[in-house]
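Letter by letter, the chains look like this.
There are 2 protein chains.
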Amino acid sequence: MTYCLAIATDEGVVFASDSRTNAGVDYVSTFSKMHTFGVEGERQIVLLTAGNLATSQAVVHLIRRDIDKQAPTHLLNVEYLFEAARYIGALSQQVQGEHAEAVSGGGFDVSASFIIGGQIAGQEPQIFLVYPQGNYISAGEETPYLQIGESKYGKPILDRLHMVSHLSLEDAARFALLSIDSTMRSNLTVGPPIDLLLYRLDALSIDHRLRYKANSPYYAALRKSWNDSLVKTFGVLPRFDWET
Amino acid sequence: MTYCLAIATDEGVVFASDSRTNAGVDYVSTFSKMHTFGVEGERQIVLLTAGNLATSQAVVHLIRRDIDKQAPTHLLNVEYLFEAARYIGALSQQVQGEHAEAVSGGGFDVSASFIIGGQIAGQEPQIFLVYPQGNYISAGEETPYLQIGESKYGKPILDRLHMVSHLSLEDAARFALLSIDSTMRSNLTVGPPIDLLLYRLDALSIDHRLRYKANSPYYAALRKSWNDSLVKTFGVLPRFDWET
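Protein sequence lines, in the order shown, are assigned to chains P and Z.
Residue numbers for the first sequence follow my numbering, so the first one is 66 and each next one is one higher.
Residue numbers for the second sequence follow my numbering, so the first one is 66 and each next one is one higher.
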């Protein structure tokens, strides 16, 4: 499994993903699930992948070939970001279709989900979730985040996003890291390193792309601070009326 | 869906469950999923149910009839708690079997899961999870909790149980309430009121059985305190090195 998410704020977009891939418990490996495509000053597009690794890799290969070969539609020439989402959906369907017959009845699942987002010059930044079926949704103001993969463990913390009155890009990045951290604690199929990317509104370049191992200083400090605070919080919760 | 859990501590066992039942989004209703059976001073047994409501109710009806009719095996005469788990598993299989033919191919799922726990005089308190297949597991020292139903959202907070150095029965009850609260925020199929039961080691009677609506004073205060602390915590997390 995998866990990836994106959070849209007024200041830009945060992308985060884990790196664990497993086909059964005895074949666990590390693959980055974050891919970036862009033209400095014109557009920046980030792709996160979850699901079947062969399918997601094939989609990324096709994206890169289409750019290389200057195909009629590719990530660096679409006019709107939603067209990028449509394009990814179509590639994903194409790849899944190629293997549909071979895997049918084999109990394999070749489906994959994608988060794609970023900004094209002159337009608002946006994030989209592309379903295994090829269709897609965009995040809205009420729910400014999207998740793919093993998403339930990390959702409660995201549902608290709205409690922070001004959500800076860095705050969103901290939420994203803690959401992945919560997931890793509860589910072995999600694991480090964590890829984190902060895209700042109208930058049209990527300033902060980070990779955290379990013992990376910032990530370790964040986790410790969060844990310590939770323990402290826990000690001061209201008592039941029969407690002295 | 449903969410129920039990936590075993040195001081006793906590049981908690939500009360929402839904068959599709247009038939949502409230049913307690917590059932107690006991003989004051001799044994106390608590049953939590998740899954198909017809199956879980039928199992509870059969349990009560077996007690009434003094069947060879019933909850008030089993010698060990694990026998109670076996017995519940057998009843569950029996009920599911009765409807297997009628529902086959209909896309219905008549399966149900159970948590059963408590104490029989002279023995340690224990908790068991009975799977839809009728087999069961008990909680261990490393993982002192069991969950059934919509369990992922509420798991991260339970995985922090071990961070509290002395887990009192009341602390465990607070963890259980917050675990259900996190789940309710993230998933509409889990909803109040919350049933909470604290069984104290060797009491062999039930001292605290509580029911919290969303606006019940203690539950509201607990939630507010937890939310406020999280927001405060969030404000003091370590900054990225480029933040001033």
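Treat the hints with care, as some may be off.
Distance condition first, Cα-Cα at most 30 Å in a straight line; then the derived DSS-like pairs of lysine-lysine [claimed, not checked]: (1) Z:Lys289 to P:Lys297; (2) Z:Lys278 to P:Lys297; (3) Z:Lys278 to P:Lys278; (4) Z:Lys289 to P:Lys134; (5) P:Lys297 to Z:Lys134; (6) P:Lys289 to Z:Lys278.
Per label pair, the in silico range of CB-to-CB distance [unchecked claim]: (7) Z:Ala167 to P:Asn142: 51 to 59 Å; (8) Z:Glu144 to P:Glu206: 26 to 34 Å; (9) P:Asp174 to Z:Ser169: 43 to 51 Å; (10) P:Arg130 to Z:His231: 57 to 65 Å; (11) Z:Tyr145 to P:Ala155: 28 to 36 Å; (12) Z:Thr309 to P:Asp267: 46 to 54 Å; (13) P:Val296 to Z:Gly162: 43 to 51 Å; (14) Z:Arg130 to P:Val168: 42 to 50 Å; (15) Z:Asp133 to P:Gly162: 53 to 61 Å; (16) Z:Ser233 to P:Thr95: 50 to 58 Å; (17) P:Gln122 to Z:Asn87: 32 to 40 Å; (18) Z:His231 to P:Arg250: 16 to 24 Å; (19) P:Gln188 to Z:His231: 20 to 28 Å.
In short, the hints are calculated from the structure, not lab data.
Note that the structure is a prediction, hence the values are computed from the model and not measured.
Think of the CB as a built atom: it goes at the ideal place given N, C-alpha and C, for glycine as much as any other residue.
May I ask you to test the hint 46 to 54 Å on the CB atoms belonging to Thr309 (chain Z) and Asp267 (chain P)? Violated - the Cβ-Cβ distance for Thr309 (chain Z) and Asp267 (chain P), about 20 Å, lies outside 46 to 54 Å.
Given the hinted pair Lys289 (chain Z) and Lys134 (chain P), is their Cα-Cα distance within 30 Å? violated, 57 Å
In this structure, is the beta-carbon distance linking His231 (chain Z) and Arg250 (chain P) contained in 16 to 24 Å? This hint holds: roughly 21 Å between Cβ atoms.
Outcome for the supplied range 20 to 28 Å, where the beta carbon pair is Gln188 (chain P) and His231 (chain Z): violated, 56 Å
Does the structure keep Lys289 (chain Z) and Lys297 (chain P) at a Cα separation of 30 Å or less? holds, 15 Å
Given a hinted range of 43 to 51 Å, is it respected by the beta-carbon distance of Asp174 (chain P) and Ser169 (chain Z)? Because 24 Å falls outside the window, the suggested range is violated.
Is Lys289 (chain P) within 30 Å of Lys278 (chain Z), Cα to Cα? violated, 34 Å
Given a hinted range of 53 to 61 Å, is it respected by the beta-carbon distance of Asp133 (chain Z) and Gly162 (chain P)? holds, 60 Å
Looking only at beta-carbon atoms, does the pair Arg130 (chain Z), Val168 (chain P) fall within the given range of 42 to 50 Å? Because 49 Å falls inside the window, the suggested range holds.
Range hint compliance [Cβ, Gln122 (chain P) to Asn87 (chain Z), 32 to 40 Å]: holds, 39 Å
Hinted pair, alpha-carbon criterion (30 Å max): Lys297 (chain P), Lys134 (chain Z). Please report holds or violated. The hint is violated at about 52 Å.
Ala155 (chain P) and Tyr145 (chain Z) - C-beta distance against the hinted 28 to 36 Å: Violated, at about 60 Å.
The structure is inconsistent with the numbered hints 3, 4, 5, 6, 8, 9, 11, 12, 16 and 19, although it conforms to all the rest.
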